[in-house]
Amino acid sequence: MLLIHCPYCDETLPEAEFAYAGEAHVDRPADPMALSDDEWAAFLFIRSNPKGVHAERWRHVHGCARFFNAERDTVTDAFVSTYRAGEPRPGTKCSAGAPAGDDMKVAAE
Amino acid sequence: MTRFSGMAVLKNALNGHKGWREQWPDSEPKKEYDVIIVGAGAHGLGAAYYLAQEHGITDVAVIDKGWLGGGNTGRNTTIIRSNYLYDESARMYDHALDLWEGLSQELNYNVMFSRRGVMMLAHNVHDVQSFQRHVHSNRLNGVDNRWLTPEEAKRFCPPLNISRDARYPVMGAALQMRAGTARHDAVAWGYARAAAARGVDIIQNCPVLAVRRGPDGAVEGVDTGKGFIRAKKVAISAAGHTSVVMQSADVRMPLESYPLQALVSEPVKPCFPCVVMSNAVHAYMSQSDKGELVIGSGTDQYVSYSQRGGLPLIEHTLAAICEVFPIFTRMRMLRKWGGIVDVTPDRSAIVGKTPVKGLYVNCGWGTGGFKATPGAAHTLAHTVARDEPHPINAPFTLERFTTGRLIDEAAAAAVAH
Amino acid sequence: MTMHDTRMPDATVTIEDLAPDARFSLRVGADGRAAASETLGLDLPVRVGDVARGAEERTALCLGPDEWLITAPAEAGGAIARAFADLYDRTPHSLVDVSDREVTVRVTGPEALTLMTIGCPRDLARLAPGRAVRTVFDGATVILWRDAEDTFRMDVWRSFAPFVRDLLEIGRAEIAAGL
Amino acid sequence: MSTHRIAGKGRFDHGGPVRFTFDGKRYEGRRGDTIASALLAHGVHLMGRSFKYHRPRGPVCAGTEEPNALVETSRGKGRFEPNTRATAQELREGLEVRSQNRIGSLAFDLQAVNDLVHPLFSAGFYYKTFMWPRSFWDRVYEPVIRRAAGLGRAPDAPDPDRYAHRNLHTELLVIGAGPAGLAAALAAARAGAEVTLVDEHAEMGGALLSDPDVVIDGKPAWDWLAAALAELDRLGVRRLTRTTAIGYYHQNFVGLCQKLTDHLDEPPEGAPRERMWHVRAVRVILAQGALEKPLVFDGNDRPGVMLAGAAQTYLNRYGVLVGDTPAIVTSHDSAYHAAFDLADAGAKVAAIVDVRAAPGEGVLVEARRRGIEVLTSHTVTGTNGRLRVKSLRVAPVSGGRVGAARTIACDCVLMCGGWTPSLHLFSHTKGTLKWDEALDAFLPDRSAEECHIAGAGRGLWGYGAALADGAEIGVTAARALGLDAEAAAPVVERDRTGTGETFKELPTDGDAGRKRAFVDFQNDVTAKDIRLAVKEGMRSIEHVKRYTTNGMATDQGKMSNVNGLMIASDAVGKAPPQVGLTTFRPPYTPTTFGAFAGYHRGRHFEVTRRTPIDPWAEAHGAAFEPVSLWRRAWYFPKAGEDMDAAVARECAATRGSVGIFDASTLGKIEVQGPDAVEFMNRMYTNPWTKLGIGRARYGLLLGEDGYIRDDGVIGRLGEDLFHVTTTTGGAARVLNMMEDYIQTEWPDLKVWLTSTTEQWATVALNGPNARRVLEPLVEGQDLSAEAFPHMSVAECTVAGFPARLFRISFTGELGFEINVPARHGLALWEALMKEGERYDICPYGTETMHVLRAEKGFIIVGQDTDGTVTPDDAGLSWAIGKKKADFVGMRSLRRPDLVAEGRKQLVGLMTEDGDVKLDEGAQVVADPEQALPMKMIGHVTSSYYSAALGRHFAMALVEGGRDLEGRDVFVPTPEGIRRATVTTTAFYDPAGERLKV
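Chains as they are written, first to last, in the UniProt record's numbering: chain A, 1 to 109; chain B, 1 to 417; chain C, 1 to 179; chain D, 1 to 997.
Treat the hints as calculated values from the structure; they're not laboratory data.
C-beta: ideal position from N, C-alpha, C; glycine also.
Among these hints, one or two may not hold up.
To list a few chain D residues with every Cβ distance to chain B over 12 Å, as calculated [unchecked claim]:
(1) His118
(2) Gly150
(3) Ile372
(4) Lys390
(5) Pro444
(6) Arg446
(7) Arg838
(8) Ala991
Stretch-level coverage of chain A by chain D, calculated; a stretch enters the list once three of its residues show a Cβ under 8 Å from a Cβ in chain D [unchecked claim]:
(9) 2 to 14
(10) 28 to 39
(11) 47 to 54
With the rest of the complex left out, here is chain A (with noise of 0.2 Å):
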């Protein structure tokens, strides 16, 4: 069971309160009509699942209600920071959560 700050209640609060909600900053584009076929299929279902810091998306459901973004490490489970839906990623150049090339060093098993 984490424990998750909500940016919006500003209380660090048991992940019972909170449902995860996928990858954050995958944006919703603004004319979908004038996708092609794979780039609305990434939009859909593409995903970063980095082994690493994730930027996810958390709703305070049993709270605040407010959908909320995240980073965590998928490694440690530990939360690097959370924020306002709407603001940028906290300290990074891109919004998507490419992994960095360190979490590269590990592979199969």
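Fit chains B, C and D to the supplied structure of chain A, relying on the hints for placement.
Coordinates of chains B, C and D only, in the frame set by chain A:
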């Protein structure tokens, strides 16, 4: 390869077990192979075995960052069944089931495939409709599956609670008699031993850092903890870690990796004759030959590679077990563990070619990879050897996510409305 | 008794159902908060969990950045609804009568906090008297008010209430057993 | 009478006896005894049989790590459990204890025949045989193996006990109340920390309970302990005994299992048997001590062979002398203290056999003082005695050579192979371990959580060291909590320190391949099994473990892991850390399913949501069906009716006059705001801009993948206000999905959503007489067809209650849905029933609702769709706003496979014979003659008997179905092939005349 048999055991029993040899050598990598398989789980080792056995391709290395069979192969609840809804899935899993039935003899390694029957419980009208659909579809696909009344279900599995007053009363069950369990480690070991005997190198404790591509975009080999190893073809069979490995070849995947937990009880005398699954209540269970109740839990809600998993999920799982089998509350959980499963949007696997020449992938089995092992391995080997899919894995493409031709087993079991 | 807890005095806790108040879910953006406050006759609090109290026993609990739960005596509901209806054209918002959506249970007594911990994973020691939060109790969403050190009040969705009530009774028996 | 109870020894209550039975024989013990200590007091060592060879076994330990002395315990019907550790279960009056895993008696177990042919059962033998003939594994071999395996019998009756859960937030959780834990808790609590201290035993004190002669701060150990506990209580420390920290999860979340009643003669009413605590601690101190290791030698498993520390505990804590003539075998100084304590209590120590050349000087002096023979540089080459050890063979070792053996008579063997820090919980956190060469042990390295380790867990031996370290760690933790703290380490005299060495299996004479030196007692894994596994290529400890089952017994490897690793690493020829340590996995000790399930059993397994009208349905004999978390009235059988009869009657009554239905479970969402229309346009496939106020429309919701997710009728109550309904099961999901889009994709829209599912009770009234029933109760709305046509909505008063009244129909009849505040739902229902009496109003349930809607071809999302069905597939293209530029899922409808020919389309199916009911889920084929596997072109989604049509009918999803209308298809069933004609789905009143009244 020393042939295993009752006589061999007897002979060795008399000589202090001096005659047994190494089941597979712990190989050091060569500079180059025809085929490299990344991931020495049962899927990867099996693919190597079938490459050698059926396609005559023996210049093969199976590379793993840890010990063989140490990933999801050794962490699952060993359920084998093939009563899937869609034709594509039924064919794949039934192909696997056909191979399971002769696997011990084929590998000369007892994988203890036990056809004890898998029973799926229906707890509401929607379940009944859904499972009946499975039963009808399976019957016409030649897949064994039949419908039981609650009383028949109870006769087949006496610990089952079929009280009408239960929070989730049992309204019937679908039973696949041909389904069952197998000994997971033995599958990896059996494939490893048989593959090694045919010339395959098994390279353990050698992390694959990246898939290397040449100027023409085709695969050149893999960078590993033991240096670069050249290969004409590379097949990724790395379960939960597929996204990471594929990313190194610049292929982004429709996958997310989730922690999945399982647990066993202390061993008791035989009390549970079959496998029971209950999707509505979120419980599935069997009893191992050792006597432990083997119980599968669900995935945690968030993406993770930590293999930890939370306590509340285990609590929910055991509450579900006690709901369906109230006599087991005083049983004790002996040990629980976690694995990492990669899950596709339609909950069906991806087995086949990729946009990169010479690169093949076998992934996305979610929580159901073990049962598919021989089928996945066999069709992957075919795909790698011929550079074209076997008819059975042909529908399990990466492209289906673009065209929309999904094999949506999850949606087909959509929750009740 | 295996729990050598010197801070656990003799177990007493009372569970009671309360008569319904008028309750509204108020949703309004930051730009309309002042007008809504004026209409209500109290300052809408902005910190999640804070409760403002106004005349005629009106209270406003901040549940989220643009969400408040307004309560008032049952007979005062109509006036609030009319006042906000008049406000709508000037200040768009959403005021929805939820008086019947939840029912309310009160837990009081020296063991009230202990009883709440059987279903509530939050650290309730940190919920100061006078504050309230939406949280979860044994899987059910509830609004949990701490009215005093040893008094809690829970608004529970109507169809979940018997389940929650049931668990509270089990917990009370447990506390009474002294284990 | 107890033959081995020593007067003046032990901490138990010397008052009245506690009576219990073992295998039917009556025994008496004392309050505070465990089953094992009470039996040992009677000279009984034989308590169990091993897993594989069924060898006779006695207790090795005095705690929860016991591998051998497992028994079945019972306190009456439903209160039976197998595999109880006799060494941990406290006695209670009337406890029934039975030995297990035997055929015949414990002394003469027929399955011990396995032991005679043990060479056959070497490591991994079952992988190598039982393969022929092919069908024999699951028919013959496996059943035999399964019957021989297992330990105790499974419970066979429902458990009447209760289990509880509780959440606890604490500043500092200290796990283990031995010297280090106590000192840590004291130091932190003195500094003002809020502390929770837990220990798995009935009493706190840990090793101090077994070492009364130690002097702390000038006081005898037990006096110091009593004072320390009193001070902890004064400081407000929450102390939980019989409480095991079972698992250490993310961010200092620790699961504790507290045993509450198993030790009580008469548990109080309402008391739970066990309680699972969910603890969230700011800091955690692990003070779990160390576990003594057995030595590995031939015959080390006979009853009477036990750990030296255990013998010391039985003596000092329980006042039981485990034998009169103990022999000690050790590689660590600590066993000498056990020898001294037993000797001082009157035992005649046969000898101390020390594997080392140079034991500590201090213990040698003490041994000499007591006249105990010490054999250094000696090994044990075997033991004798069938049901109890009688002697051991010892031999000198010199330069790796084993010399001539001699036999020493004894009645118990006390062994000590050194100590292993207990780091299970630390490992749960994914904290890393490092191998300490000097100690031959894994010690904690990098911590992944905010936790500290104190005492023996860090490899510190002796009371002085443990207390000092505990105090210091307590201070460190307090400071980490922002408190001022000073360490004050107690002064220890008569400390019991010492050193030792770690050995693999002891040197032996003769053929090592035939020696049976046990490593995992319960699973019967011997040193040679481990060596064989390595020889066969199992080179990592994980492989060795899985191949031999070493460490997989119910002690979870506490006795066997390190010894197994030492032997495996020797066989591999690598240092232990390179061979690896098997992962420790929760729980720390086996924990009941009930403790995990907690309150969630029986009717409290999961909430059953009931509507305000549910009590009426129950009182009127309704059958119920579970629908998501709700229970809904399924049908209302009259005397003698089955479901089919009841449903046929309800259908006929509704179409003939009027039926009443509780629709309260439908999801309801209030959508309000200036952008409400725009939001609805983006969310649903339908156009909403032109929907007039007071009008309602069927809404269709897709997922972004283009498939149908939900549907419902939506009424417009104002320019900016919609009353949205969803399916029963979809309510929460739909609201979540809408909130997601509003909050994250379209934050610019000014619109708010509020769930009103439970605000309103909803009653549907359908049938030609519906208006006549309703009209007299309505105020403020003209119900005439002109003033209130089909698909209208109005706010008015019904039966005196404020209401939202819809004129809509899910049955094809004149229909109304009346929403009133939930508290009035039952009263509304009763008013309508009363008003409807003269029209023979008929309450109906979900099944009749399903039939009536199917007769009209209306879909049920989730039944006629399955998550792969597009609007066009379902024949709902008309529900898509043709001029819309975008809505959720629109883009996906253009994907190649979604516009391909031959998709499955929803059609009607009429069987050739109207008496034949097709199964829902039955498959449709074009060619019934084909061989398996057949090409299936569709499946039946809905199938009912229609009273209106006088026959069965069905809906089906069929490839290219709409083009097949009028043609025949086939439905193969186990009873034969059914021919059916493809039709439209408008089975009843296709023109909708019945709505226009």
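Subject >> Ascending list of hint numbers which this structure does not respect >> reply: 1, 2 and 11
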